[in-house]
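S.K.: For the record, the sequence lines run as chains A and B. Each residue of the first sequence is one higher than the one before, starting from 258 at the first, in our numbering. Each residue of the second sequence is one higher than the one before, starting from 47 at the first, in our numbering.
There may be inaccurate statements among the hints.
Subject to a maximum C-alpha distance of 35 Å in a straight line, what follows is the list of computed DSBU-like cross-link-like pairs (lysine-lysine) [unchecked claim]:
(1) A:668 / B:201
(2) A:606 / A:665
(3) B:249 / A:668
(4) B:269 / A:665
Hints were generated in silico from the structure; no laboratory data involved. Everything numeric in this text was worked out from a predicted model, so none of it was measured.
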Amino acid sequence: MVFSSLEFLFLFLPLFLLVYYLLPLRGKNIFLFLGSLVFYGFGIAWNIYYLVLIIASVLLNFLAAKGMEHCRRKNRIRRGEETAGKSSMGEKVILTLSLCYNFGLLLFFKYAGFFVENIILPIGISFYTFQITSYLIDVYRRKTRPEQDVIRLGAYLTMFPQLIAGPIVNYSEVYKRLRKRKITLTGCNHGLQYFTLGLGFKVLLANQLGNLWEDIQTIGYESISTPLAWLGILAYSLQIYFDFYGYSLMAVGLGKLLGFRFPDNFRQPYMSLSMTEFWRRWHITLGRWFREYVYIPFGGNRKGKVRQFFNLLIVWLLTGLWHGANWNFLLWGLLLFLIISVEKAGLIKVLERWKILGHLYMFFLIPVSWAVFAITDPVMLQVYFLKLFPFIGGAGNQGVVFSGDFEKYIKIYGIGLAAGLVCCSGLVEKIFMKWRNKLWMSLLLLIIFGAAVWCMYRGLNDPFLYYRF
Amino acid sequence: MRKYHYLVLFMIGFLVLWPFMLHKLYIEQAKNTETFVEQAQAEGAAEPESGVYDVSGGEAQEEENKEAAKEGSSGQTDAEQETEEDTDLTEETEEPEEAQEDEEAEKELEPEEFFQDTLFIGDSRTMGLAEYADIGGAVVFANTGMNIYRLYSLKNAVHDQEPYLEDILAEKQYRKIYLMLGINELGYDAEQTVKRYEEEVLKLSELQPEAKIVLEANLHVTKERSERDAIFNNENIDRINGNIRQIAEKHGFSYIDVNEIFDDETGALNPECTHDEVHVLGKYYQQWADWIRENGI
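Okay, chain A solo, but in the shape it has when bound:
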């Protein structure tokens, strides 16, 4: 069940909120845990094993954290206060074992597909594995206290707004609010505003632009012209951004409706001047996770230049693999590593000094890097790149091309593309923040909501409402 579906919006959400608001705090947490499991159940088509898997994750990690605490206490009693800051053997063993369990399952489900067919990835496992391991490591590092109530931990891990597509919330960010939260009308008002904005980005922009990318698949890469290839990858870049950004905004909005505050996941990444900056503004909570739990523990930039580049390589290969079990994601990670390394070696100073240059550089690199991300088949990737850069190889570039294709598709998608480009600039957010308490803004948001619902309503399979072939 995605947020941008009628089932979620008109069935799950109102019923959930109705009960949720009536319950006292303890009841709220229990209901949030159970409700999220129901939400998850819909997402996995009630595959009972996957439901067991997520509940097991809550229970085992809850026990692991308690176990670490127990070892720590015993250690302190035996050895006295001087070892208080150090981790005991028991803690290390428990951490290692539980990390092996969590990452083992993630690896199994992600990469089993290489060997066995018909293994479907349990939805959200990449997200909840990262979230729960961040909790474990934080407990181990004494950055957060182990949770004493399994319901609260369950509510944190499965909380439906962030369960299937992030943001990856650290436990310390919701620690307080799991214990005490005030739900105010202002908070709900803001929550609905964020949700509507996100829904608009997802349904009105991402879904429409996604159609162009879909059309290009339908034609086949062999038969598109170079301008259409660029238009297509631009549409894909905008689609993936508004899809993900919209989803994150909806999550933040839903979080506010429930009385939580989630971290921002995007900060106008397409306005970045360099790839380094881009990845500080794109999927922020993922970048943060890799920085805190991989890059810095490996030594970050404190162990010399060579080691720093090595650490970067590790982080980017893992980032690539996290996105999917396919060789092209590795290639994509490697590409990002190379770009960021070159920037670190000095290019970034140039890009930040001449901003226009930085924007042009990113305007070129963003779509190109997404092309490597989007096309999973190596042969097809090569075909697409020959279309993007026809001057590279003449021989591979045959095939019938419809010469009017660019004109045809710009007519259909031109407005959507232009709207997407404008919305990337952060203008929308600025206007929204400035006038969000005005009546006209509320009316505008209501129109966005209505339009999005209309699109969702129309999108259901009704052969009379629109013709498809």
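Knowing the structure of chain A, use the given hints to seat chain B on it.
M.R.: Structure of chain B alone, referenced to chain A:
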């Protein structure tokens, strides 16, 4: 109050929409269950609908029944058989002297002249033909969603062509008119559609008395798509194709079925030829055009 504008407006809007959306969800739910039941039925031995397109009469019917009794044949095998018969019959109906003369005349034409003074009418699949195949000089009238009910109201979406069918028909006398329609109509009442189709074809031949009219069978969708879709599936496509063939026989028009070059062994669109399970990839349209040329119809 100022601070909760949106909350209040949202609640009002939401409450207004709520009953409609719940109704919609309810209908969808009911439809899905129905599809499920239909599929379960289709998987059973005999289908009630298979008789509809059995025009060839006794023999085929008997054979089919035997088949069904023997191994409880699924809808797919029926469809396959039907397609094979289609092509056989096409050849037979092409026998009459007139048609033969026509064919001889065609053969004399150079390949590049083959589509001269030809008009293609169709939906998005025909649009693909116009865009990705060399059909030198042919006029094309097509649009995504084109259907028999809106032939004269929908606009042409093909590059550099007249917008309305009326003008295209008035413009000149064509030698040949190819017509591929029927898939967008699957959501309508089948009987109604067949009746309308016949009317429209007769109207076409009246407006273009000299033109040879070629009715094209609709392209199949892939097996996967067919199994998933309650409406746009191969069973329905085969049924309307059968009806189109009947119309062709009845009035002496030609009938061709391009599915023979794009079908896989199950009688569905070969998944390798398509991405969206409905349209062939751009590079395959030329094969379609060449196939028409080679068959000389």
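S.K.: Which earlier hints turn out false for this structure, listed by number in ascending order?
M.R.: Structure breaks hint 2 only.
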